[in-house]
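Now for the letters of each chain:
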Amino acid sequence: MNARRFTVAGLLAILVAAPFLAPPYFLHLLIQILLWGFIYTAWSIMGRFGFVSLGHGAFVGVGAYVPALLWNYESVTPWIGIPLGVLLSVLLGLVIGYPCFRLKVVGHYFALVTLALGQVVMLSVVAARDITGGSLGFTPRAAGHSWYALQFPEKGYFYAIALALWLGGLAVWHLVDRGIGREALDAISEDEEAAAAVGIDVMREKLRVTVISAALTALGGAMLGHYLMYLNPETLSGIGVSLQIVFAAIIGGTYTMLGPTVGSWLTISLNEGLRVAFGTNFIGAANTIYGILLILAIIFMPRGIVGTLQSLGIRRPKPVPAE
Amino acid sequence: MMLSLAAVSAGYGSFRALFDVSLEVPAGEAVGVIGPNGAGKTTLMRVISGLIPLRGGALMLEGRSVGGLAAHRMVEQGIAHVPENRRLFPRLTVEDNLRIGAFIPQARRRYAQQLDQIYNLFPRLKERREQLAGTLSGGEQQMCAIGRALMSRPKLLLMDEPSAGLAPLVVAQVFDLVRRIRAEGLTVLIVEQNVQQVLEVVDRAYLLEVGTIKLTGTSAELKGNDLIRKAYMGL
Amino acid sequence: MDIYLLEAIINGLLLGGVLALLALGLNLIFGVIDVVWIAYADLVMCGMYVVYWLYAGLGWPLALACAVAIAGVAVLGILVHVLIIAPILGSAPINQLLATGGLLFFLQSFATLLFGTEFRNLGLRLPIIELGDIYVSSARLLAFAMALIGAVALYFFLRRTFIGTAIRAIAQDRDIVGLMGVDQRRIYLVTSAIGGALAGLAACLLALQYDVHPFIGNTFGPLIFMICVLGGLGDMIGGFIAAFIISQIISIGGYYSNTELSYVLAFTLFIVLMFVRPRGILVR
Numbered sequence: 001m002n003a004r005r006f007t008v009a010g011l012l013a014i015l016v017a018a019p020f021l022a023p024p025y026f027l028h029l030l031i032q033i034l035l036w037g038f039i040y041t042a043w044s045i046m047g048r049f050g051f052v053s054l055g056h057g058a059f060v061g062v063g064a065y066v067p068a069l070l071w072n073y074e075s076v077t078p079w080i081g082i083p084l085g086v087l088l089s090v091l092l093g094l095v096i097g098y099p100c101f102r103l104k105v106v107g108h109y110f111a112l113v114t115l116a117l118g119q120v121v122m123l124s125v126v127a128a129r130d131i132t133g134g135s136l137g138f139t140p141r142a143a144g145h146s147w148y149a150l151q152f153p154e155k156g157y158f159y160a161i162a163l164a165l166w167l168g169g170l171a172v173w174h175l176v177d178r179g180i181g182r183e184a185l186d187a188i189s190e191d192e193e194a195a196a197a198v199g200i201d202v203m204r205e206k207l208r209v210t211v212i213s214a215a216l217t218a219l220g221g222a223m224l225g226h227y228l229m230y231l232n233p234e235t236l237s238g239i240g241v242s243l244q245i246v247f248a249a250i251i252g253g254t255y256t257m258l259g260p261t262v263g264s265w266l267t268i269s270l271n272e273g274l275r276v277a278f279g280t281n282f283i284g285a286a287n288t289i290y291g292i293l294l295i296l297a298i299i300f301m302p303r304g305i306v307g308t309l310q311s312l313g314i315r316r317p318k319p320v321p322a323e
Numbered sequence: 001m002m003l004s005l006a007a008v009s010a011g012y013g014s015f016r017a018l019f020d021v022s023l024e025v026p027a028g029e030a031v032g033v034i035g036p037n038g039a040g041k042t043t044l045m046r047v048i049s050g051l052i053p054l055r056g057g058a059l060m061l062e063g064r065s066v067g068g069l070a071a072h073r074m075v076e077q078g079i080a081h082v083p084e085n086r087r088l089f090p091r092l093t094v095e096d097n098l099r100i101g102a103f104i105p106q107a108r109r110r111y112a113q114q115l116d117q118i119y120n121l122f123p124r125l126k127e128r129r130e131q132l133a134g135t136l137s138g139g140e141q142q143m144c145a146i147g148r149a150l151m152s153r154p155k156l157l158l159m160d161e162p163s164a165g166l167a168p169l170v171v172a173q174v175f176d177l178v179r180r181i182r183a184e185g186l187t188v189l190i191v192e193q194n195v196q197q198v199l200e201v202v203d204r205a206y207l208l209e210v211g212t213i214k215l216t217g218t219s220a221e222l223k224g225n226d227l228i229r230k231a232y233m234g235l
Numbered sequence: 001m002d003i004y005l006l007e008a009i010i011n012g013l014l015l016g017g018v019l020a021l022l023a024l025g026l027n028l029i030f031g032v033i034d035v036v037w038i039a040y041a042d043l044v045m046c047g048m049y050v051v052y053w054l055y056a057g058l059g060w061p062l063a064l065a066c067a068v069a070i071a072g073v074a075v076l077g078i079l080v081h082v083l084i085i086a087p088i089l090g091s092a093p094i095n096q097l098l099a100t101g102g103l104l105f106f107l108q109s110f111a112t113l114l115f116g117t118e119f120r121n122l123g124l125r126l127p128i129i130e131l132g133d134i135y136v137s138s139a140r141l142l143a144f145a146m147a148l149i150g151a152v153a154l155y156f157f158l159r160r161t162f163i164g165t166a167i168r169a170i171a172q173d174r175d176i177v178g179l180m181g182v183d184q185r186r187i188y189l190v191t192s193a194i195g196g197a198l199a200g201l202a203a204c205l206l207a208l209q210y211d212v213h214p215f216i217g218n219t220f221g222p223l224i225f226m227i228c229v230l231g232g233l234g235d236m237i238g239g240f241i242a243a244f245i246i247s248q249i250i251s252i253g254g255y256y257s258n259t260e261l262s263y264v265l266a267f268t269l270f271i272v273l274m275f276v277r278p279r280g281i282l283v284r
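Chains as they are written, first to last, in my numbering: chain A, 1 to 323; chain B, 1 to 235; chain C, 1 to 284.
It should be emphasised that the hints constitute simulated quantities derived from the structure, not laboratory data.
Facing chain A, a subset of chain C residues (Cβ under 7 angstroms, in silico): (1) Pro87; (2) Leu98; (3) Gly101; (4) Phe105; (5) Phe275.
Yeah, the Cβ is synthetic: ideal placement off N, Cα and C, and Gly gets one too.
Go ahead and model the full structure; you've got the sequences and the hints to work with.
What follows is the structure in structure tokens.
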């Protein structure tokens, strides 16, 4: 117990001290680890109950593009733009989720429908290239250091925001985990009809996690857009991104609170490490190894993967204490 | 001796279904296995045909040890299994079902002749050769399933509950068929719930209860046996 | 009728041919082995590179390059099954889907490593055929014809041969085929090889018309999945028909507005249709 508290305190201390001690490059990585960790955690709120979405890139994209477009074209402050993006993402999630859950579109079908959703968002952005810049990307109008525009050239501010978001995401995860909804969803994935017979509002529980997951993911996307000051449909909503979200969350551990964050840390560190090792000489070497590692992880981490991913009623998750 | 089992055990996962089962099927004879639901009769069939592995004991076909061979190997050895509930391929035609019965090389070579023979045996199947197997009546499905098994030109035919779910008239037809198959020299092992009918067809039988052989004897002996008469023939 | 619209319809038809071929391959694998190869389009990409490398790089005759590509992707299909699918056949279906997703990453990055991200072209300049006032690319016409031939060949293979019948049977009842002397594992390998070969054929046909680059799979991969789900996952005929429906939507949509919008339309229609008929539009 003591050792655990000590490490947690130590880690928190490091996190808090980072912006003051770490060089900008590491801070840059850390911000992305936190933001993506936040997004992966958001995905896992759905994924842990067996709703494996291969289209979360849709929410990242919508969450990022809506405030950015409103800012550039209508000078609408992100303080309004971001909630609008979140709202739109939530609506999208409901529009897809409701029929899916109602008509029992699950498993392979659900995965592929969500994949189509991600494609719709990405292609829509590219199609509207006159407004969004299409595949060439979109740059939010720079406003220097401004709370109104939520832009801060100094990394420290963004670090604080990223840290706050990440902690907030963990808190939401924890609430979902401990809440009555979690037991309901476990029951639903075990035996949906029995759960309904007991009075569990199956539809409401499913939609609730969908809404939470979509909203948080959109929020993360918005922050990413603001931090990187560059949006691109492929890197935000492409099939690669959606797959990446799933992988990182799974490899880190979908059932645990910190699992997805660990996945974020692993993937980003790995990518950076390989990039540094191989440099720009071997473009693609890093991701090649990443791909192999992913395959190996899925094959050889059966406890980690199968245990953390429900196959819709076949396996029951064992309650894991939050770390 | 066509088939012999010596102290065979088998089961599913941690559940044991057969305990030290020994039985013999002489070549050219028809042998029955009777017993209540859950006795392990289907498990017995599946062990013999290789669908589930042996957990102990020996399985010999014509003196050769075949325990541990996978199901598709068993077919090459000459064992054909008509599964419980027929298990035809519903969206394949009758002829396709028969064709797949002749998958193994030695049957493939004689496919045309074999098909002719089966159609002679089952004229009704020939009428319905292009019909989807799932749309056949119960009796026709049974004919098709038996025909499919015979397409592999087996030495030993295993039949799992051939009368299940069939009307009495059809059941009689099925057992007639078994007699005819036997007359052609095929060795048959039948697992059956319908004790009355099966004892009319087989030379000898075994009583399987809770995974062990409780009784064995010629069909005449068993027909006269009090236990059998009371418990299984309702007399 | 507006001549350009007619052209669009014809082009849609021709495009549908290759898409249909890929849908057949994906459905075959799903119907038999119950797994969706997320990286299927990237197998096609590999085939395209093989053709490019042999023909444009080493100067081999085109027909030979194509034959090698088809065989090569067939072997790749077997490797995918043996190395990635078979080890996890028993685990949750979603794992198999995700493992092939990892393959997607691998193939795309490996291709980047080998060939860089530039677009490569075979450098073929096949003539444009003039039919009245309509212009049709002969490359496209050839691709369509070959795709149809491939589909017909597949049909007869599945219908008339013993192995083909076994493949159809195993899709309907996996456990019992052993009783007919069919080795399940062997059938899986054959199916994977055929799926790969179909992808290889599609690769040759696409290489005639388009440039190849490592991420080309992303352009039609999701489209193929959508087509297959629309026709009913595992339903070969459904997928075949759905391919032509979708390609018409894209082609005609592209005529009335821009290409991406027509894709958006197609995908949105897909999502909508999923809710009207979750099991596929040809529920039988």
